[in-house]
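Peer 1: The lines below spell out each chain.
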Amino acid sequence: KQEVTQIPAALSVPEGENLVLNCSFTDSAIYNLQWFRQDPGKGLTSLLLIQSSQREQTSGRLNASLDKSSGRSTLYIAASQPGDSATYLCAVRMFSGGYNKLIFGAGTRLAVHP
Amino acid sequence: ETGVTQTPRHLVMGMTNKKSLKCEQHLGHNAMYWYKQSAKKPLELMFVYNFKEQTENNSVPSRFSPECPNSSHLFLHLHTLQPEDSALYLCASSQDSRTWENQPQHFGDGTRLSIL
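Protein chains in written order, with this note's numbering: chain Y, 122 to 235; chain C, 11 to 126.
Warning: the hint list may mix true and false statements.
Label pairs and their computed distance ranges (CB to CB) [claimed, not checked]:
#1 C:G13 / Y:Q202: 25 to 35 Å
#2 Y:D160 / C:P18: 11 to 21 Å
#3 Y:Q175 / C:D106: 14 to 24 Å
#4 Y:P135 / C:Q105: 38 to 48 Å
#5 C:N67 / Y:D188: 32 to 42 Å
#6 C:S75 / Y:Y197: 36 to 46 Å
#7 Y:V141 / C:R122: 26 to 36 Å
#8 Y:Y152 / C:K62: 23 to 33 Å
#9 C:T65 / Y:T166: 19 to 29 Å
With a Cα cut of at most 30 Å, we get these calculated BS3-like pairs of lysine-lysine [to be verified]:
#10 C:K51 / Y:K122
#11 Y:K122 / C:K62
#12 Y:K222 / C:K29
#13 Y:K163 / C:K29
#14 C:K51 / Y:K189
#15 Y:K189 / Y:K122
It is worth saying that the hints were derived from the structure and are not from the lab. In this text, a Cβ means the ideal position worked out from N, Cα and C, and glycines have one as well.
Starting from the given sequences, assemble the full structure and let the hints guide the process.
Peer 2: The following block contains the structure:
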C-alpha cells in the first residue's frame, strides 16, 4: 500500500529565506508526482507536476525534484514571501484497479513572517 | 475561478438531518471525484465517477451516497452522519480517470461540514 509522508509537518521562517519541503513515498511505481498549495478554507491549486521520467520541474521561485528510485521529492522555494504562507501537499499518481489515483501526504504547513 | 464550483461552502447539520453537497465543473471533464479532508490527515479519496459511472468506492460508509446525473454534476447525499464525519469535502475533476496520460485534477474550494 502506497504511503506518502511529508516532513516537516509545520515550518515557520522569516521572509527571504530559501526553504525545502520534503516528500517521501513507499512504492516507486508512480506515473507522476504533483505538488499542490492549499490556502485556508480553499481547495487545492496545482503548483508543479513531475513526470516519472523527469528529475525536476521549475516554475518561478519554485523548483521540484524527483528521485523515483529512492522514493523522494523536494519542493524548493527561493526567497520566501509572506504570500507563500499556505499548506503544501505532495501527491503521487498511481495506476490501481484499472484507474489512476492520486495519493496524498498530510501536508506541510508553512508560515512566512515579515 | 477554478472551474469547479462547490455548494454550499459551509454546512452545519444534526446527526438526524439529510442534506446534499453539490459539485459542478465547467471544464468539459468526464471524471469527477469526492475527497474527504480531516484535520491533520491526508486527503482521502471517497468516490470516483467516470463518464457518469461510479468506478470507485473507497470503503465509504453507506451514510454517504453519491450521485452523478451527468459528467458536469456530482452530488454527495448525507444522512445520519456522525461527529467524526465533520471535515472539508473536496470535489475534483479530470479529463478521464482511466487514461494513462498525465493530466491534472482540478479542485473546488470544498464544503466545510460540521456535525453537531
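Peer 1: Which hints from the list above does the structure break, by number from lowest to highest?
Peer 2: Per hint list: zero violations.
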